[in-house]
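J.: Please model the complete structure; the sequences and the hints are all you need to start from.
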Amino acid sequence: MTIWKLLIREILHRKVNFGLGVLSVMVAIGSLIGSVTLLRIHDIHTDQILEQKEAELGKRMDGLKDDTRKAMLKLGFNVVILPKDQNLGDWYSDDYASKYMPEEYVHRLADSGVVTVRHFLPSLQQKIEWPEYKRKIILVGARGEVPNMHKNPVKPMVQPVPPGTISLGYELHRSMDLKVGDTVELMGRQFKVHACHEERGNKDDITAWIYLAEAQELLDKEGKINAILALECLCTTDALPQIRREIAGILPETQVIERGSSAIARAEARTKVEEQARISVEKEKIAREDLRAAREGLASILTPVVVTACVVWVAVLGFTNVRARRVEIGILRALGVSAKRILIMFLSRHVLVGVIGGVLGFVAGTLSAVYFDAARDSAPFASLLHSKTTGWLLLASVAGAAALAVIAGWIPTMLATRQDPADVLRIEN
Amino acid sequence: MLEFRNVSKYFEGPEGKLTALNGVSLSVKPGELLAVRGASGCGKTTLLLTAGGLLRPDAGQVSLDGQDPYESGPEQRSKLRARMIGFVFQQFHLIPYLTVRQNILVASLAVPAKEASERAEELISHFGLDNRADHVPAQLSTGERQRTALARAILNRPKVILADEPTGNLDEDNAQIVFGYLSQYVNDGGCVLLVTHDARAAAHATRTLQMSQGQLIE
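Read top to bottom, the protein sequences are chains A and B.
Residue numbers are given in our numbering: position 39 of the first sequence equals residue 39, and the series is strictly consecutive.
Whatever position you read off the second sequence (first residue = 1), add 1000 for our numbering.
Straight-line C-alpha distance at most 27 Å; calculated DSS-like pairs for lysine-lysine:
1. B:K1114 <-> A:K340
2. A:K340 <-> B:K1159
3. B:K1079 <-> A:K5
4. B:K1079 <-> A:K340
5. A:K53 <-> A:K283
Bear in mind the hints are in silico, worked out from the structure with no lab data behind them.
Predicted model only: the values in this text are computed from it and were never measured.
T.: Below is the structure:
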């Protein structure tokens, strides 16, 4: 015979008392774990909702960004950097600069780490008389975009014109009946037609594009350009002062103008939409936080009440058990069983009540929380199952429940060990 | 083996101080069955519990195999009790959820021994409980219950048996059986202090004392 055998036999004999104890602990731990799990599920839902909203927002913003980019591409470069001494009145009337600046400026700009503009395209532009055809055209010398050395490379907005080739505006190739591959003479030099553009309805229709270095040679402007075209990065209406400030720091001998653009309006709209969407996400976040706080508040009142009631009930059951076993304790003491062994026997019973109640309470609490959760989908359950926190919660539940049961049963156990066997045996015999 | 020297014990009752033992002196030697007879409430059970190290006397000295159990602490006293004393009660005090075998073996909780199971089987046989070994007390007759209690009391081979009205609930036949076992135990060298109001006890006792109002009378 061992204390453990005696313990098991006693539990089997007083199943109701033991069962009620287990049930009590189960309810206490169940309500605690249920509350915690509901809050955890709430957090999982919140994360899911916010993630979904963020993803939707991202998708929408990507769409808007793409729209803006497309609009900007349609419009072309919307920032023009001109020599500082260029009279803007002349520039607006002629649509090209009469003053020049070193081509090296574009490299300085690209190497500077400038953040407000990108896609730098140096150009040399001049209205000339095409001597071979006796007609006025705009000659643009351009080369490929100069990559920004401090940013990830992006797809160039315009394709460069290879040396020895010419790209023609609609009016030019139409009136002169030129096609890609034809050869044409410009200022005594032969050029192969590289591209024939479609009608744009603006000065581009009377523009011819050639390689920058060749234009510089033809116009006798070696190493010179009269504009750097660029694209705003910030896409906000009040970006110009920022761009000006930044470029003035890098190229003090230049001035910056911005072309009015529908793209900017789009960008503005996009910013507004983004702002609204962010506010909506924030509002959702606040609403979820408020709901959580309300649930937490309710749990913080209900759970301690339930746990306290259960502890009291376990204590009452403990007293009942000790009372029912008065004679048994007396006889065991009379047989010479020490008070320490009696203590171990009663505490072990409480630990057992706690451990079984803790495991059952954990399972019941978790399942109830999943069942009563408003969303009732399987995603949170799967998340809960795969969470390390769940394992720790199980351990904490079992340990906590055992501690709870021992605390609740402490006073009855002490009474059992301190019970004077003589008192019992005198009365009961 | 067991000696009382001028032992007194008082209780506080609703009507003031109650004298349960009043200067009791006695001695029980190995091979002796001392029967103490007296009416209910004369202090018999108090005498027995005091002898068993369960009730500290207010005055006088108790000696058990040369030791005063009340000079040591409760744990030591438990050990002494487990080793030296076997208790038998009128109400048997068997544990209701244990079988006869397990009830007998309960005594081994205090003195764990490898041969406890073997000894229990021996006692089951000795007390004619073979076909009742796996029954719980509720399924036993009163005689079988008392035999089980007796087997439990002697499992650890105590030197003294303290029996409190062991035949109080038994019929003539069963009372004779119990007295027979106690006599046999005494003949084997044990000693028994038996408190009872059963007149039949005198026939089996080596000595009989009368107790009245906490005092012993030869």
